[in-house]
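Undergrad: Now for the letters of each chain:
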Amino acid sequence: DAKTTQPPSMDCAEGRAANLPCNHSTISGNEYVYWYRQIHSQGPQYIIHGLKNNETNEMASLIITEDRKSSTLILPHATLRDTAVYYCIVRVGAARAGNMLTFGGGTRLMVKP
Amino acid sequence: NAGVTQTPKFQVLKTGQSMTLQCAQDMNHEYMSWYRQDPGMGLRLIHYSVGAGITDQGEVPNGYNVSRSTTEDFPLRLLSAAPSQTSVYFCASSYSQGQPQHFGDGTRLSIL
Chain A
3 DAKTTQPPSM
13 DCAEGRAANL
23 PCNHSTISGN
33 EYVYWYRQIH
43 SQGPQYIIHG
53 LKNNETNEMA
63 SLIITEDRKS
73 STLILPHATL
83 RDTAVYYCIV
93 RVGAARAGNM
103 LTFGGGTRLM
113 VKP
Chain B
6 NAGVTQTPKF
16 QVLKTGQSMT
26 LQCAQDMNHE
36 YMSWYRQDPG
46 MGLRLIHYSV
56 GAGITDQGEV
66 PNGYNVSRST
76 TEDFPLRLLS
86 AAPSQTSVYF
96 CASSYSQGQP
106 QHFGDGTRLS
116 IL
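Protein chains in written order, with our numbering: chain A, 3 to 115; chain B, 6 to 117.
Worth flagging that the hints you see were computed from the coordinates, not collected in a lab.
Even for Gly, the Cβ is constructed at its ideal location relative to N, Cα and C.
Please note: incorrect hints may appear among the correct ones.
Partial pick of chain A residues on the chain B-facing surface, computed with a CB cut under 10 angstroms [stated by the list, open to error]:
#1 M12
#2 C14
#3 Y36
#4 H51
#5 N55
Sequences are here, hints too, so could you generate the full structure?
TA: Encoded structure:
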């Protein structure tokens, strides 16, 4: 699976959009971009994933560059409850030995009042 | 629909003791995994299962055993606890490979 690079921490004002970047310059054509977050002391929570097209759900939007070497997770109106560590993971979505997710250091997002 | 349930939530063991961490899911998911998370670090895969009767090793399997006799349950056994196994353990499940994983709330294990 391709390696990802994320900033270790970011701040965001409550009510503003939080834009979390992720670099995955070695991504392969069949690898998806997944985003999870982990709120303190809880298990990771799935947010969104995509292959090449931009995706949106009730939690967030995922913008993937045309060359797929980077992506941005957007929380449109961040709240204090969005304070968490956000993990960007790149992996093959289809059949492959194991179902593992490789979690790196992630980005610690602090939403401030 | 409880999702992924892990028990116990907290446990303290002495070195050399054995115990089983329980994980159950009620979503009829085929894929289940165990991860450990050490302070300030990401998750590392211990063992996983692609279906009942099938298990395989992940990144850090030493000192742990698993079995998958039913679709619902995926227990993790510590054979002889060591202080290096002090960690938070997360169980996860998904419908199939590539599908988003659902995580339990974790078991916080301390080994003295």
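Undergrad: If a hint holds in the structure, say so; if it does not, say that too.
TA: Outcome of the hint check:
no., hint, in the structure
1, M12, "17 angstroms, violated"
2, C14, "21 angstroms, violated"
3, Y36, "7 angstroms, holds"
4, H51, "7 angstroms, holds"
5, N55, "16 angstroms, violated"
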